[in-house]
Structure formats: C-alpha cells, structure tokens
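> One letter stands for each residue in the lines below.
There are 2 protein chains.
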Amino acid sequence: MEDYEEILGKLVEKLSGPNVSEDVIAEVAKKATANTTTDEKTIPVGVSNRHIHLSQTDLDKLFGKGYQLTPLKDLSQPSQYASKETVIICGPKGSISKVRILGPVRSRTQVEVLRGDTFKLGIKAPLRISGDLLNSGQVTVVGPKGSVELEEGVIVAQRHIHMLPSDADRFGVKNGDIVTIVIEGDRGGELNNVAIRANDKSGLECHIDTEEANALGMNSKTRIRIK
Amino acid sequence: MEDYEEILGKLVEKLSGPNVSEDVIAEVAKKATANTTTDEKTIPVGVSNRHIHLSQTDLDKLFGKGYQLTPLKDLSQPSQYASKETVIICGPKGSISKVRILGPVRSRTQVEVLRGDTFKLGIKAPLRISGDLLNSGQVTVVGPKGSVELEEGVIVAQRHIHMLPSDADRFGVKNGDIVTIVIEGDRGGELNNVAIRANDKSGLECHIDTEEANALGMNSKTRIRIK
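For the record, the sequence lines run as chains A and B. Using the working numbering, read the first sequence as starting at 1049 and increasing by one per residue. Using the working numbering, read the second sequence as starting at 1049 and increasing by one per residue.
Where hints are given, some of them may not hold.
For identical chains, the list gives no copy identity; a pair is met inside one copy or between any two copies.
[Said to hold, decoys possible] With a straight-line cut-off of 20 angstroms between C-alpha atoms, the simulated SDA-like cross-links for lysine to any residue are: (1) 1121 with 1184; (2) 1249 with 1225; (3) 1113 with 1094; (4) 1193 with 1249; (5) 1168 with 1099; (6) 1193 with 1223; (7) 1141 with 1224; (8) 1172 with 1233; (9) 1275 with 1171; (10) 1168 with 1134; (11) 1109 with 1226; (12) 1222 with 1117; (13) 1121 with 1206; (14) 1113 with 1268; (15) 1132 with 1090; (16) 1109 with 1245; (17) 1168 with 1096; (18) 1193 with 1244.
No lab work stands behind these hints: they were computed from the structure. Predicted, not measured: the structure shown is a model, and the values here were computed from it.
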C-alpha cells in the first residue's frame, strides 16, 4: 500500500485532461490531506495484510491479455484500491491463497508478505521500503490463466509514515528520517526503525502490517505518536 | 507454555516417590537453572505458536477414555512437551487445524491463541496470564473421537518472563512486577506490560507469541533485556 506519490502523480496527470471538474480535483486534495487535522500530536494507523501489486505484463500472464482489475474497496490513500481479484503465492515449502491484488497496476510487480509468511513459504524476504526490490525474495505467483516466477520482488514492508511536508514540519521530521513510534494500550510499546515518507501527495498515516498490529494491540482505529 | 511451577511441582511430588534416582532430580534442577549463567544482562526468548493444554477429562472426550498423550519434543521448561497429537479449534467465523497439544495434562483446559486467530475464529479472547481464565474466550475443540465446547478457557497470552528468585534479585525485579523489555535489530523496539514470574522452579526465559516475535524480528536465538 505504498508509492502513493507515484499513483497520485498519475492521477493528477489524468486529471489534467480537458474533462475534469473542479469537484474531482477537490476530492483528490481532500483525500490527500485527510487525517492531518484530526489530532495535532497523533497519527492514524493503516494496517496491511499480505498483498501484491502487479505490473500489467504480469496481470496479463495471470488473468489474460489486457485484463483490467475490478476495484472492490477504496484504500485510504488516493486512487489506491483493493481489487476483487486474488492470486496464490507459492514457495518451496508452501503456498498462500487469496492474496489480495492492490490496484492500479504498477511498473513492477511487488509482493509484500508477513514475516510469518516467509516461514510458511520457505523463502527469505528482506525488510525493505516499497520499490527497493534488488535481490529481494522469490515466489511463484499463480492466477486463473497462468503463473509468473518472480526472480525478485518479495519483501517484508518496513514500517513507515506517509505525511505531507507540512506534517513533517509539525512533527519536526523530514523525508527519509528514521523514527521510533510510541503505542499505548495493554500491548503497547515502541517500534524503532520507522521511515518517514514526506511528500505533497500523501495523507498522514502510519503503515504497519498485521503482525505488528496484533503484537502491539493496534487496529485501524489506533493512533500512535512519534517519540 | 506456562504454569511450569505447577507442572514442576507435580513432577517433584512424583519424584519424591521411592524409585527416583539422584540423577533424575539433578536433571530437573539442571533444566530449571539452564540459561541463567549464559549472559548476565540478557534473557533468552521462547516463542510460542497457538497451542492448547487439556484436562484429562477433555482429553478423554477428544481422543477416547484414558488416552495418553505421545510426547514429540521436550520444551525448554522442565517436564513440558509438545505432543504428537493436535486438535481443531472452531469459532463462529472459522476454524484452525493442527493446533498442538502441550503436555502433560492440566487441571483445566486452556487455549492460547494469537490475536490474529481471534479474528479468523470470530471470537474474543482477553490478554491474560496463564491460568486466569474467568470469562475468557469460547471455542469448540474437535478431536478424532469427539468435541468439547469450552464455555471459557481461550486467552491471548500476556508476555512474561520466567525466572528464578536469584535472577529476580540480579535484575532488580520481583514476582508479579510488570516491566518493559528492549529488543535490538532492524525491527527492534520495546514491549511494555511484560509480567515477571519468579519462583524456584522456572528457567530464565521470556515468553512471547509468534506475532510478537515476527513484529519485533525475534526468534528463538534472540536475547532481550529488561529496560
């Protein structure tokens, strides 16, 4: 659920066409800045389960030439959606079915798994920020019309916080910083090595995976703060 | 994987019989004090997946009258073992198969699930220390010879540290204290609300579940420290 800047960039490009109303542009701006004014000191949490982003080339191989994903549910970040379609991912020790595809398509296929999934699949997947795929993990992706053997592209997502530059100023951080976040509650604690991803196309949200959420007692209603 | 004191208590009781050699007693003592001298400042980690402890009554219902568990692998704490046998646990929304039974049998049946399992099963299970089962979660347990509907007994285990009183002195804590632990590494951080369980029958070990281990980048070789 990353690379919103890329996706929003494309959307803005699309919106620059002649048929776009001011309302649509206002809606995008509203989504991009949602959550920035709710609470001055805390940050909402977005919890990701394992998922996959596909290139159009790989989508064609898995679902058939020229296949278009069917949006099922909008995600919090503008233009991103969970699709109706899912795939199976397979490693040497096991497979995981019903892995949700997130749309729209990207330039490269990327699989984001949980650490626990790597044991089940029998693969190694490095802890990485989205898009940093060099020498990352390998799986075979299986769809209804074919399969794709990924030489690389499987990562465990490094926890990170999307924010606008104005949020970064407010929190005293900058794009690329690594921070520690503080979580309250009966399973509370602190998580180190959280990357700041600040640009003018991202709504304020701290992205963690389901294992991190469960271990620290977090859910989609949790708000965290930077230490 | 808790209540070692209870289990060891029973074992010691058993060992007090006329046929017990000094060697056996020495072995128990050795296991109980293992890990206490490896490193003065750090504590080894024991990672638990979901599992179940059964009463003999429930074991009878699930596997047949008078059934005895088959030890498969010794656990780190004296007399505890993972058994060959597994069960299925079922909630209103789903089931989980191959849930390992830990032996020996206990006075009450207790199911320790991951937080993620509670969503899959569609149940609520409180965060509790082992044995504290009043108004805890409900599941149906299914075995090859029958099933048991548990009115209560399902918990998410509160993270805790077993230690000897001498360890407690060394770390400056006492039985019942709540501490924060510090975890190093690229997924490092701190976990609050870790219970100290100090008595003279427990080897030094910090018990967490697989979601906590994965979220913080821990495994069975990790050593943590008390903050």
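> So, against the hints stated earlier in the document, which numbers end up violated here?
1, 3, 4, 6, 7, 9, 11, 12, 13, 14, 15, 16 and 18
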